[in-house]
Amino acid sequence: MTVAAEGAPPLRMTRARRNALLQSEPVQGLGLISPTFLYALVLLVLPILVVIAHSFWTQHYLTIDRTFTLENYRIALTEPIYRDLLWRSLYISLTVSLFTVLLAYPIAYFISFHGGRHKSLWLFLITIPFWTSYLLRVMSWKVILGYNGVLNSALMGLGVIDEPSTALLYNSSAVIITLTHAWAAFAILPIFVSLEKVDRTLVEAATDLGDGPLRSFLRVTLPLSAPGVISAVLIVMIPTVGDYVTPKLVGGKDGVMIANAIQAQFGKAANWPLGAALSVTTMLIVSLMAGATVLIIRTLQRMAR
Amino acid sequence: MRARRLVPGGWLSVYAFLYVVFLYLPVIFLPIFSVNTAATPKFPLTGFTLQWYEDLPRTPALLDAAWNSLIVGVSASLLATVLGILAARSITRYRYPGRRAINGLIMAPLVLPEVIVAISMLLVMLQLGLSLSLFTVVLGHVLICIPYSMTVLTSGFEGFDRSLEEASADLGESAFGTFRRVTLPMVAPAIISSLLVCFTISLDEFIIAFFLTGTDATLPIYIWGQLRFASKLPGVLALGTLLLIASFLLMTIAEILRRRAARRTQNEGGLYA
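Keeping their order, the protein sequence lines are chains A and B.
Under my numbering, think of the first position of the first sequence as 1, with each following residue one higher.
Under my numbering, think of the first position of the second sequence as 306, with each following residue one higher.
Next up, chain B with everything else stripped away, as it sits in the complex:
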């Protein structure tokens, strides 16, 4: 009986292992070939080198792109998180007609093809006579970041004990004071998590930036330009590896914070209730 019950789980765990290998295999090749001496990525490996990494800081176009990405990422994540906080708070705290429809609209960019989102924004911006720049890229990134920000924040806000805020108001705190001294500390990890998630998305996003930028390149656009030249591939692999590590670190921190936020609102709510 016990053996029979173990079998499906056993087969499934083999499958799970293979699946994770399938998920990680392509990603693993970037760092491997980025430290290989050969200019074309193929086996067998020819030797270890950090030359491709050393060349990176000597490329002015790359440094410009990195700076642009940083500006866009910071602005987009701040804006998206502020808009995300308002919406997530409204969705988790209040009941009103049209709530689901509004939520659906805000989450819609998640299920729309990015090309469609990008060209429709492009059309409107050209119609409005806005010249394409990093600013238009930020506007686009905010739109696609909000659904992710909402997801992270609602999981942080849900289970939030309303009686804590009521107690604070009863004890004479103003609405803003309550928000700053009671609400904010409890949801701070979720907010930071949302900032990191949005920054990561903006840092890696290509399509919207590609359509909505003027002459300024972000990192993915820079990479896209380099992909045309086979000789530039090792440099791209090195840059890609650095981006990979950055995304991985940011997401790990974001996940730890998100979990802490979820635990905090639930545990403390339970404790005081």
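Looking at chain A on its own, in the form it has when it is part of the complex:
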């Protein structure tokens, strides 16, 4: 009896506490999100860890030698072919993100400040081409830029050139044009969202205090929309560095990018560890480049104020 009397209150309390715990926000929230979270852990985090592990191993024909080595990274960073591909990929992704953001900003500004009632219609209009197959959009650019393509036949029809130009397709410029087109919507949306958050009274205040339209834009609107510009840069720069389809279809020999080399290591060349090291190197360097770009934008933003 004494034992029971002593034991009962704590027991009741733990049960009550357990019930409270089960009904608490964190537990319910975490419980609800756990299937999706686990899915991402198993199919994204685990695979990336496996890639990182492979990058330190070596492959002999079909067997993987699990002794730690940095040889793959030495090859990835010093072999001229991979070094060149990496530089070109970084150059292309930097140029593409620059063009995409510069071209997208005025559109986002136009929709946010002059879109009126038709804002969502404009956004819809701009995102529609993005929802069509990426493969098909790249193919369309091939049709446009090709030797017998639309642009060449149009230029010849207008008498601008006498014979088809071969300079349009199969080089890095073709890759840059195609990617700039393909990623347009990704840049417009984040910039639009941050422009929508710009307090319009601040712009009015600047105008009332004597700033011209350009000055108030440079000192108020542009710095306040910097977060949108930053996410646009990140969302374009990181994925484009690893683009596979565009260089393969319109890049020709001079437009090959690192993803094509990575794919080759997992396909024909059958050197998984080198492919893994190339992937890890690319991700690290593009993250550094993206980080540096964000820092530059932040500094400019601070200077503008």
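Check the hints yourself; a few may be wrong.
Unchecked claim - Calculated cross-link-like contacts (lysine to aspartate or glutamate; reagent style EDC-like; alpha-carbon spacing at most 20 Å): (1) A:K197 <-> B:E463; (2) B:K537 <-> B:E359; (3) A:K253 <-> A:D84; (4) A:K268 <-> A:E79; (5) A:K119 <-> B:E560.
Don't read these hints as lab results, they were simulated from the structure.
Here the structure of chain A is known, so what remains is to put chain B in place on it, guided by the hints.
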């Protein structure tokens, strides 16, 4: 004063128009050349024909690919939407530590190069001894569809009035009953919208399918194979046009539903509050 204020908007609207032309121009050429009699896509157009479309149903490999795409698209969109509903509900309804980090991880496939996602999944599946098939493609598509599903669903779930659910619980409905009779009807448009968005993404996705499929081709993989042959281009253009129309229709419906969902949760919430 008024004229001066109109000028920037005026220039901008010209720019906006040109920009939209730039966005749509490449896409427009696919349907144009798909009904042209010439086998190479160039101007001037030679004549109107539906021959390239008539050839499509007579290609068994294409029909197989279409069937595969349908299976993958339906499975991936269902799975991604279920996982999306759980996550979006958790994110919009509860506050807990680590919420932002978990959300960031789930959204990460959006900003990772697809090739990296594809090869890392490929490595794990080969390590686990899973043979590559349409099933592995579905696993990959679910991963990249979840961020889009989340985006659509959170916009549908946000502004959802919690007091409606509480009222239902107070009136004696069970948790499941409340979900089925109160929550579900309000968020149904967002869910359908998510299904359509995910299906469209899966239908058009190439890289992950390319790496993770065994011998079965989906439509983009079939197209990729055809691109090597110049003579097959008109057929590809015709198929591309059909895919274009399908994507356009699905996305239009999805957008209408998403907006209806957002309006419903906000308006009705406001009405009852």
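Tell me the numbers of any earlier hints that the structure contravenes, in ascending order. none
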